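Counting in the UniProt record's numbering, the sequence shown runs from 1 upward without gaps.
Any given hint could be a false lead.
Claimed, not checked - Label-pair distances were calculated between CB atoms; the ranges are: (1) Leu97 <-> Met40: 29 to 39 Å; (2) Gly55 <-> Ser90: 33 to 43 Å; (3) Glu163 <-> Leu77: 21 to 31 Å; (4) Met83 <-> Phe120: 26 to 36 Å; (5) Val86 <-> Ser219: 33 to 43 Å; (6) Ser90 <-> Asn196: 41 to 51 Å; (7) Glu179 <-> Gly55: 15 to 25 Å.
The set of hints was computed from the structure by calculation and includes no laboratory data. Bear in mind that the values here come from a model prediction, so they are computed numbers and not experimental data. Backbone N, C-alpha and C define an ideal beta-carbon position, used for all residues, glycine too.
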Amino acid sequence: MCICSIPPDHVKCISDKLLCNEEGRSRTWFCGRTCHEIYMNLRSRVGMHDQINDGFSCTILRSNGDQRVSKAADIALLAECNMKLVIALSIMEECFLPIVDPRTGIDIIPPILYNWRSDFVHLDYKGFYTVVLENDDKIISVASIRLHGTLVAEIPLVATCPENRQQGMCRRLMDYIEEILKSLKVEMLLLSAIPNLVDTWTSAFGFVPTDDRDKKKLSKLRLVSVPGTVRLKRNLYDCLDADTVDSMEYAVPGDRHVTPVGKTKPQLPSEDCAPVC
Numbered sequence: 001m002c003i004c005s006i007p008p009d010h011v012k013c014i015s016d017k018l019l020c021n022e023e024g025r026s027r028t029w030f031c032g033r034t035c036h037e038i039y040m041n042l043r044s045r046v047g048m049h050d051q052i053n054d055g056f057s058c059t060i061l062r063s064n065g066d067q068r069v070s071k072a073a074d075i076a077l078l079a080e081c082n083m084k085l086v087i088a089l090s091i092m093e094e095c096f097l098p099i100v101d102p103r104t105g106i107d108i109i110p111p112i113l114y115n116w117r118s119d120f121v122h123l124d125y126k127g128f129y130t131v132v133l134e135n136d137d138k139i140i141s142v143a144s145i146r147l148h149g150t151l152v153a154e155i156p157l158v159a160t161c162p163e164n165r166q167q168g169m170c171r172r173l174m175d176y177i178e179e180i181l182k183s184l185k186v187e188m189l190l191l192s193a194i195p196n197l198v199d200t201w202t203s204a205f206g207f208v209p210t211d212d213r214d215k216k217k218l219s220k221l222r223l224v225s226v227p228g229t230v231r232l233k234r235n236l237y238d239c240l241d242a243d244t245v246d247s248m249e250y251a252v253p254g255d256r257h258v259t260p261v262g263k264t265k266p267q268l269p270s271e272d273c274a275p276v277c
């Protein structure tokens, strides 16, 4: 779900400018047609297996929370997504120590993977999807991603099973994600990297550090920020005017800051884990 979705308490103020998407008993409001199209595109991909090459496939997952479904096909899809999310979370927890929100003491890894909503802005992880790389029905690599309109997509977490590292699995997953983002005309992909992995992400994956101009554009978005990391970017599409972000109403100023507890679990540095590995 695009981060441009409008909080319910603001809908009455600008209802004549909004688009609405109804799902069961709930409604989701969007600031424009582009954001609505991105939302519908991603939702249509949830649970669908995309074959890539050499027997590998990628699947986009999303937790439906307490949303009720009645059709047999929807129930089966929901069950499969939930099962894969459990495995994806176990991979993340195998790779990382908890990343704890300092205000609440909550480990933010599960909320991100399960796109938990909250009335507290710094704990609202709605809009996140989990993308998994699979081979022979085994999940190998996992990434959490959220789109902010066509301006940027953020990946705060990406990990690969330890036994499958140094085999190009992360690259397969990232290539798939980039193709999806390019098809949606997303300009920029963001991730955070610890200092000793910056060279890997820049030399092997084509990322570069964000500059002052980027920081100005991104300052109006709600991005997950992990202290002690370097924010890197990869341009996917020709950049629009610097004021593009100004048209994204109801973006909340400032990053969401979280504090990792300790370090990642002891493992050799690898490009198959980010940001805090």
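Outcome of the hint check:
The given range of 29 to 39 Å is respected by Leu97 and Met40, whose C-beta atoms sit roughly 37 Å from each other. The hinted window of 33 to 43 Å between Gly55 and Ser90 is violated, with their beta carbons roughly 23 Å apart. A C-beta distance of roughly 29 Å is found between Glu163 and Leu77, which places it inside the suggested range of 21 to 31 Å. With their beta carbons about 29 Å apart, Met83 and Phe120 fall inside the hinted range of 26 to 36 Å.
Separated by about 36 Å at the C-beta atoms, Val86 and Ser219 satisfy the suggested range of 33 to 43 Å. Range check, Ser90 to Asn196: about 25 Å between beta-carbon atoms, so the 41 to 51 Å window is missed. Between Glu179 and Gly55, the C-beta spacing of about 18 Å keeps the proposed range 15 to 25 Å intact.
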